[in-house]
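One-letter residues, chain by chain:
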Amino acid sequence: MFVLVEMTDTVRIPPWQFERKLNESIAEELNKKLANKVVYNVGLCICLYDITKLEDSYIFPGDGASHTKVHFRYVVFHPFLDEILIGEIKSCSQDGVHVSLGFFDDIVIPPESLQQPAKFDEAEQVWVWEYETEEGAHDLYMDIGEEIRFRVMDETFVDTSPTGPSSAEASTSNATEEVQKKEAPYTLVGSISEPGLGLLSWWTNS
Amino acid sequence: MEVKDANAALLSNFEVYQLLTDLKQQRKESGKNKQSSGQQNLNTIMYETLKYISKTPCRYQSPETVRDFLITMKGHKLTKAEKLQLLNHRPVTAVEIQLMVEESEERLTEEQIESLLQTVTSILPGDPEEQQRESPMATEDKGDQE
Chain A
1 MFVLVEMTDT VRIPPWQFER KLNESIAEEL NKKLANKVVY NVGLCICLYD
51 ITKLEDSYIF PGDGASHTKV HFRYVVFHPF LDEILIGEIK SCSQDGVHVS
101 LGFFDDIVIP PESLQQPAKF DEAEQVWVWE YETEEGAHDL YMDIGEEIRF
151 RVMDETFVDT SPTGPSSAEA STSNATEEVQ KKEAPYTLVG SISEPGLGLL
201 SWWTNS
Chain B
1 MEVKDANAAL LSNFEVYQLL TDLKQQRKES GKNKQSSGQQ NLNTIMYETL
51 KYISKTPCRY QSPETVRDFL ITMKGHKLTK AEKLQLLNHR PVTAVEIQLM
101 VEESEERLTE EQIESLLQTV TSILPGDPEE QQRESPMATE DKGDQE
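Line by line, the protein sequences give chains A and B. UniProt numbering numbers the first residue of the first sequence as 1 and each following residue consecutively. UniProt numbering numbers the first residue of the second sequence as 1 and each following residue consecutively.
Simulated from the structure, these hints should not be mistaken for lab results. C-beta atoms are modelled at their ideal positions from N, C-alpha and C, and glycine is treated no differently. Some clues are possibly wrong.
[To be verified] So the derived list for chain B, only partly shown, Cβ under 8 Å to chain A, looks like this: (1) L10; (2) N13; (3) T49; (4) L78; (5) T79; (6) K83; (7) Q85; (8) N88.
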């Protein structure tokens with residue numbers, strides 16, 4: 001689920017922090033910059049693992065702060081393809097079941113990857129697995145808050161960096177565009193269409 | 001900022017759990033005299049990740065159990081990713097093993113799957129409450145139903 005990513009960056013330490021130990025200031029700055037943020041094509045950064053190398057610190061003219069190039073390793077959430085994860089159902093909608101891990105929310109299981117046959121119950125807004133046995137069909141509801149085991153099928157990274165000012169069109173159209181553009185930078189697509197996947201309560205022996 | 005290696009190493013849930021609890025301890029000890037505005041992201045992600053990992057079996061693990069587990073797993077010929085999943089999830093049924101091990105019908109016989117389950121449940125500690133409940137001495141009182 002978690003990987004170690006080696007990165008380098010130049011960290012700026014302002015003069016009023018010079019009395020602190022350099023390693024501490026740098027660790028704090030790196031965590032401030034990266035924790036809980038998604039790096040494009042890398043994953044969701046959790047926290048600093050360690051600093052592997054510190055190069056010399058420089059002070060440039062016009063700025064009293066020191067700039068240090070740092071080589072470090074960061075703990076990043078980046079599940080590999082086909083990995084099994086356990087999450088909690090956050091909500092259900094027509095486009096599938098939304099699962100959350102607490103620290104990461106953008107996981108969706110599309111309707112075609114649910115245990116078949118499945119139908120969407122409009123009244124309760126939940127997906128239901130119509131499980132057939134000799135006795136008849138059982139309706140297994142996928143309620144909110146239930147723990148669910150799923151397999152990671154796909155991941156999508158979206159570059160959400162600002163694109164700069166667009167040409168001077170009417171400001172109203174810009175506002176609606178901005179509201180629509182709130183895409184998640186990192187989304188996972190899961191599947192529960194195999195035996196053993198789905199709600200934990202479906203597969204326990206007790 | 002430059003990413004040198006986006007996949008330098010795989011971390012088990014237990015290692016991340018240890019790291020976060022140590023970090024939390026450090027920050028508690030050093031006191032709250034730093035400006036917390038920039039630290040809010042770190043606090044949030046640490047709290048949520050710790051909350052998630054604490055619900056998984058890795059909270060009962062220790063470096064020794066992880067080491068013993070990996071040494072015992074050497075005989076089973078599984079890939080690194082499969083061993084990592086077994087370590088993180090601690091499967092107790094054959095169906096879970098089939099999910100985590102690719103093509104398990106072709107690579108493992110039924111006895112091998114059984115022995116794999118035995119290894120996993122014996123070396124990796126599980127929920128002590130559950131193990132007590134399953135023991136034959138357990139009476140019928142209602143324990144903590146989770």
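Structure-based check of all given hints:
no.: 1; hint: L10; verdict: holds, 6 Å
no.: 2; hint: N13; verdict: holds, 6 Å
no.: 3; hint: T49; verdict: holds, 5 Å
no.: 4; hint: L78; verdict: violated, 14 Å
no.: 5; hint: T79; verdict: violated, 11 Å
no.: 6; hint: K83; verdict: violated, 13 Å
no.: 7; hint: Q85; verdict: holds, 6 Å
no.: 8; hint: N88; verdict: holds, 7 Å
In terms of the numbered hints stated before, the structure departs from hints 4, 5, 6, listed from lowest to highest.
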